Amino acid sequence: MFDRREFPSGLQLVPHKAAALERAIFEAPAPTLATVALEQGNGREARPTVSAGDRVRVGTLIGRAMDEGTVAVHASIAGIVRAIEVRETASRAGQGLCIVIENDGSDQNEPGLEMVEWDSLSPEMLVDRIRAAGIAGLGGAAFPTAAKLAAASRRPATHLVLNGAECEPWICCDDALMRERAADVVLGGQVMLRASGAARCTIAVEDDKPEAIAALESALAAAADPRLELRLLGATYPAGAERQLLAVVTGTEIPHDAYPTDVGLLCQNVGTAAAVASLVRTGMPATRRVVTVTGSGVGRPGNVEARYGTPIADLVAACGGYRSDPRRLIAGGSMTGRALPCDAVPVTQAVNCIIAATAEDLSPPRREMPCIRCGDCAGVCPAGLLPQSLLRAAGADDAELLETFGLADCIECGCCDYVCPSQIPLTARFRSARAARALRLDEQRRAAEARERYARHERRLAEAAAAEREAFEAARRRARGGPE
Amino acid sequence: MRFETAAAPHVIAGYTVPRVMYQVLLALLPVTLVQVFVHGPGALLQLAVGVPTALACEALALRLRGRAARPFLRDGSVIVTAALLALAVPPLLPWWLMLLGTAIAVLLGKHAYGGLGYNPFNPAMVGYAVLLVSFPLEMTRWPVPLGTAAIEWSELARLTWQSFIHGPVGGPGAWDAYTGATALDALRTGLGQRYTMEEILAQQAFGSLGGAGSQWINAAALAGGAYLLARGIVRWHIPASVLAGIALPAATMHALDPGAHAAASFQLFSGATMLGAFFIATDPVSAATSDRGRLFYGAGIGSITWLIRTWGGYPDGVAFAVLLMNLAAPLIDRYTVPRIHGHAGR
Numbered sequence: 000m001f002d003r004r005e006f007p008s009g010l011q012l013v014p015h016k017a018a019a020l021e022r023a024i025f026e027a028p029a030p031t032l033a034t035v036a037l038e039q040g041n042g043r044e045a046r047p048t049v050s051a052g053d054r055v056r057v058g059t060l061i062g063r064a065m066d067e068g069t070v071a072v073h074a075s076i077a078g079i080v081r082a083i084e085v086r087e088t089a090s091r092a093g094q095g096l097c098i099v100i101e102n103d104g105s106d107q108n109e110p111g112l113e114m115v116e117w118d119s120l121s122p123e124m125l126v127d128r129i130r131a132a133g134i135a136g137l138g139g140a141a142f143p144t145a146a147k148l149a150a151a152s153r154r155p156a157t158h159l160v161l162n163g164a165e166c167e168p169w170i171c172c173d174d175a176l177m178r179e180r181a182a183d184v185v186l187g188g189q190v191m192l193r194a195s196g197a198a199r200c201t202i203a204v205e206d207d208k209p210e211a212i213a214a215l216e217s218a219l220a221a222a223a224d225p226r227l228e229l230r231l232l233g234a235t236y237p238a239g240a241e242r243q244l245l246a247v248v249t250g251t252e253i254p255h256d257a258y259p260t261d262v263g264l265l266c267q268n269v270g271t272a273a274a275v276a277s278l279v280r281t282g283m284p285a286t287r288r289v290v291t292v293t294g295s296g297v298g299r300p301g302n303v304e305a306r307y308g309t310p311i312a313d314l315v316a317a318c319g320g321y322r323s324d325p326r327r328l329i330a331g332g333s334m335t336g337r338a339l340p341c342d343a344v345p346v347t348q349a350v351n352c353i354i355a356a357t358a359e360d361l362s363p364p365r366r367e368m369p370c371i372r373c374g375d376c377a378g379v380c381p382a383g384l385l386p387q388s389l390l391r392a393a394g395a396d397d398a399e400l401l402e403t404f405g406l407a408d409c410i411e412c413g414c415c416d417y418v419c420p421s422q423i424p425l426t427a428r429f430r431s432a433r434a435a436r437a438l439r440l441d442e443q444r445r446a447a448e449a450r451e452r453y454a455r456h457e458r459r460l461a462e463a464a465a466a467e468r469e470a471f472e473a474a475r476r477r478a479r480g481g482p483e
Numbered sequence: 000m001r002f003e004t005a006a007a008p009h010v011i012a013g014y015t016v017p018r019v020m021y022q023v024l025l026a027l028l029p030v031t032l033v034q035v036f037v038h039g040p041g042a043l044l045q046l047a048v049g050v051p052t053a054l055a056c057e058a059l060a061l062r063l064r065g066r067a068a069r070p071f072l073r074d075g076s077v078i079v080t081a082a083l084l085a086l087a088v089p090p091l092l093p094w095w096l097m098l099l100g101t102a103i104a105v106l107l108g109k110h111a112y113g114g115l116g117y118n119p120f121n122p123a124m125v126g127y128a129v130l131l132v133s134f135p136l137e138m139t140r141w142p143v144p145l146g147t148a149a150i151e152w153s154e155l156a157r158l159t160w161q162s163f164i165h166g167p168v169g170g171p172g173a174w175d176a177y178t179g180a181t182a183l184d185a186l187r188t189g190l191g192q193r194y195t196m197e198e199i200l201a202q203q204a205f206g207s208l209g210g211a212g213s214q215w216i217n218a219a220a221l222a223g224g225a226y227l228l229a230r231g232i233v234r235w236h237i238p239a240s241v242l243a244g245i246a247l248p249a250a251t252m253h254a255l256d257p258g259a260h261a262a263a264s265f266q267l268f269s270g271a272t273m274l275g276a277f278f279i280a281t282d283p284v285s286a287a288t289s290d291r292g293r294l295f296y297g298a299g300i301g302s303i304t305w306l307i308r309t310w311g312g313y314p315d316g317v318a319f320a321v322l323l324m325n326l327a328a329p330l331i332d333r334y335t336v337p338r339i340h341g342h343a344g345r
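These protein sequences, in sequence, are chains A and B.
Going by numbering that gives the first Met the number 0, the residue at position 302 of the first sequence is 301; the numbering climbs one at a time, nothing skipped.
Going by numbering that gives the first Met the number 0, the residue at position 234 of the second sequence is 233; the numbering climbs one at a time, nothing skipped.
To be clear, the hints were calculated from the coordinates, so they are not data collected in a lab.
Predicted model only: the values in this text are computed from it and were never measured.
Treat the hints with care, since some could be wrong.
[What the hints assert, rightly or not] Taking lysine to any residue and the SDA-like style, the derived pairs with C-alpha atoms no more than 20 angstroms apart in a straight line are:
| no. | chain 1 | residue 1 | chain 2 | residue 2 |
| --- | --- | --- | --- | --- |
| 1 | A | K16 | A | I212 |
| 2 | A | K16 | A | G233 |
| 3 | A | K16 | A | G298 |
| 4 | A | K16 | B | E137 |
| 5 | A | K16 | B | A12 |
| 6 | A | K16 | A | P209 |
[To be verified] Part of the chain B face toward chain A, derived, beta carbon under 8 angstroms:
| no. | residue |
| --- | --- |
| 7 | R1 |
| 8 | Y14 |
| 9 | T15 |
Heads up, the beta-carbon is just placed ideally off N, CA and C, and yes, glycines get one too.
Using the sequences provided together with the hints, build the complete structure.
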């Protein structure tokens with residue numbers, strides 16, 4: 000229906016990015032107490048490897064990943080582990096196990112960290128290094144980078160796309176990073192090309208970031224690597240949504256029931272690329288990231304490089320503190336960000352932006368009316384859904400209709416909410432319908448497993464009974480003494 | 000420090016249902032003014048009855064249904080219903096018929112099905128259809144357009160008022176001087192009586208493009224519709240397909256047999272074509288859902304309108320065409336679910 004090389008729909012939104020981009024990235028002071036969450040934002044918790052009282056240095060492993068979907072966690076400051084306990088976090092669950100480290104002020108690094116000879120390591124060993132470093136996707140989803148790279152290298156990966164679209168309002172940490180560390184982005188792209196086995200790498204950037212584009216162009220010229228190219232996108236929200244971005248950049252639409260790596264594509268955030276570059280340059284695992292701290296409720300908006308575990312209140316303090324009565328503290332952008340209940344929660348790999356939003360940054364309370372089926376929602380949906388029909392299906396709790404109208408394909412971007420004249424909180428409805436769907440599928444899966452287990456048990460019983468009968472018959476024949 | 004929590008997105012455009020409805024009302028202004036100019040002040044009288052009646056019926060229905068009245072009375076949707084009905088009925092209609100039609104539109108057409116957002120049929124067209132089948136004489140009596148008969152606007156206004164208050168008085172024939180068949184009606188009658196197309200088109204009911212009066216009203220509705228398109232209130236799919244649904248069969252048949260079929264331009268600029276295409280068929284509640292579905296929906300309305308005008312029992316067919324396609328909308332929706340990103344085409 001649509002030209003897959005053009006972004007099909009979406010919104011033109013006010014960017015709100017200029018204020019935080021006025022000054023260069025600066026470092027937030029290391030916190031006196033770092034609360035490093037063992038769940039870095041993708042819902043999977045690492046297992047602690049230290050105990051209260053242990054001494055750690057910057058880069059010491061403190062949480063081990065028990066499976067491919069979890070990221071390893073490292074100490075971001077040097078000091079003593081004071082507690083391992085459940086604290087409020089920025090995660091979906093709202094809380095999680097954290098390792099609280101008291102800063103001893105020494106800022107000593109873990110011994111033995113050294114640069115990675117990435118161009119002489121095998122791809123497998125390179126992926127292992129990235130896995131051990133605990134690097135996760137820095138675009139907000141915090142999915143383990145090594146898992147994606149490994150999946151890509153198992154299939155023949157062809158095309159790596161570095162996502163620098165950064166389409167959501169307020170967020171500009173990637174823009175700042177591309178301006179100031181474009182060489183790291185390019186280096187990270189080269190390392191990930193080797194790790195994934197992909198042949199080419201496209202850095203995709205929205206065309207409203209001229210400084211970042213210029214910096215990337217000169218970094219690419221310096222690298223003189225023909226496998227890397229720059230691709231400009233129209234500034235449309237949500238141009239950076241993974242599947243939509245890949246469709247626009249590569250012309251390939253990823254089937255709904257497949258991952259990008261299944262069709263030879265790999266998408267990584269530009270910040271992740273820079274984190275990989277930092278690892279190969281210094282050997283230091285993931286201990287810090289750039290966070291945009293912005294909103295009308297912040298004194299001096301800016302992009303701050305913060306250690307994981309730094310309380311968000313410290314970042315705000317580093318940016319001039321609060322002003323003019325912020326009402327909502329949003330982790331992420333204004334379209335998909337999570338409103339945090341308090342500012343004591345620590346920075347994780349998933350926290351790309353903090354908005355201290357005053358009333359003027361927020362919409363007034365919604366006055367919800369019935370759906371008038373105007374179809375404006377369908378016109379902006381980047382997944383090609385009919386949100387109004389999905390809403391009816393969700394209201395009726397009709398599992399079959401929800402599948403028909405593509406509940407699973409909703410990317411929760413919020414575009415339908417944004418335009419709805421009846422001001423219906425569509426995304427929130429879909430989110431809870433998706434949670435209910437996940438529960439239902441899980442229940443079905445467990446019921447099927449139980450059935451299978453029962454069937455196996457029955458089979459075993461029947462087999463045992465048959466064998467017993469057989470043995471009995473044989474014994475009786477023997478007892479009668481007559482050869483048959 | 001603690002903060003309020005809320006679900007994303009944290010910012011919305013702040014569009015509202017009233018904004019949509021009042022834009023529609025604004026876009027109806029040209030049609031209203033041109034109708035007053037061409038056919039006398041009847042449209043204003045119909046509005047003066049229709050709008051208060053609609054608001055009263057809405058308030059009554061909401062009260063009976065135990066719903067908060069204020070947000071719905073303010074949303075403007077019931078005013079749009081009343082305005083569309085007021086502009087669709089003849090300006091000479093007696094007040095009690097307008098009152099009846101509006102009450103049927105709001106109470107039966109809208110609230111019997113659950114109010115705003117739930118009506119399967121276009122409420123204004125429900126009211127119109129009931130009036131048309133119950134009071135065919137009153138519903139087809141249009142004043143001749145100003146400039147085609149020896150009548151002053153002030154005289155037209157006086158007679159309109161008389162008809163509005165007392166109904167058609169003075170016995171048969173008393174109104175013949177200043178009421179007449181509409182162009183669509185004259186075309187049907189003329190063709191039925193074996194007049195040639197040239198003879199028919201020479202009658203005073205016909206203008207250079209469409210009906211002598213209705214071509215101006217249609218032009219005004221087209222202008223209002225263009226405004227709605229430009230403001231993004233209405234998307235192009237339904238109006239374009241309605242107009243194509245009328246124009247394509249009309250042009251084809253006119254080319255094959257120009258003696259028996261009027262040109263496409265005549266069909267487009269007569270009767271309720273433009274009002275129907277931009278304001279009536281575009282009611283989203285009772286229309287098909289997806290853009291592709293709306294193309295089928297509009298094409299159905301356009302072609303049924305043309306069929307009724309050409310071979311049906313009524314001079315104009317917009318109301319029945321809309322109601323019939325309202326019936327078909329769920330079926331259209333079933334077969335026009337758009338392709339979801341990452342899924343194979345359907």
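Consistency of the hints with the structure:
1. For the given pair, A/K16 sits about 16 angstroms from A/I212 by alpha-carbon distance, which is consistent with the 20 angstroms threshold.
2. A C-alpha spacing of about 16 angstroms is found between A/K16 and A/G233, which places the hinted pair at or below 20 angstroms, so the restraint holds.
3. Only pairs whose Cα atoms come within 20 angstroms are accepted, and A/K16 paired with A/G298 is accepted, the gap being roughly 15 angstroms.
4. With a C-alpha separation of about 63 angstroms, the suggested pairing of A/K16 with B/E137 is violated against the 20 angstroms cut-off.
5. The hinted pair formed by A/K16 and B/A12 meets the criterion: a straight-line CA distance of about 18 angstroms does not exceed 20 angstroms.
6. Distance restraint check for A/K16 and A/P209: the Cα-Cα separation of roughly 13 angstroms lies within the 20 angstroms cut-off, and the hinted pair is therefore satisfied.
7. The restraint placing B/R1 at the interface with chain A holds, with a minimum CB-CB distance near 5 angstroms, inside the 8 angstroms limit.
8. Contact between B/Y14 and chain A, as hinted, is supported at the beta carbon level, the nearest pair being about 4 angstroms apart and thus within 8 angstroms.
9. At its closest, the beta carbon of B/T15 sits 6 angstroms from a beta carbon of chain A; the interface hint therefore holds under the 8 angstroms criterion.
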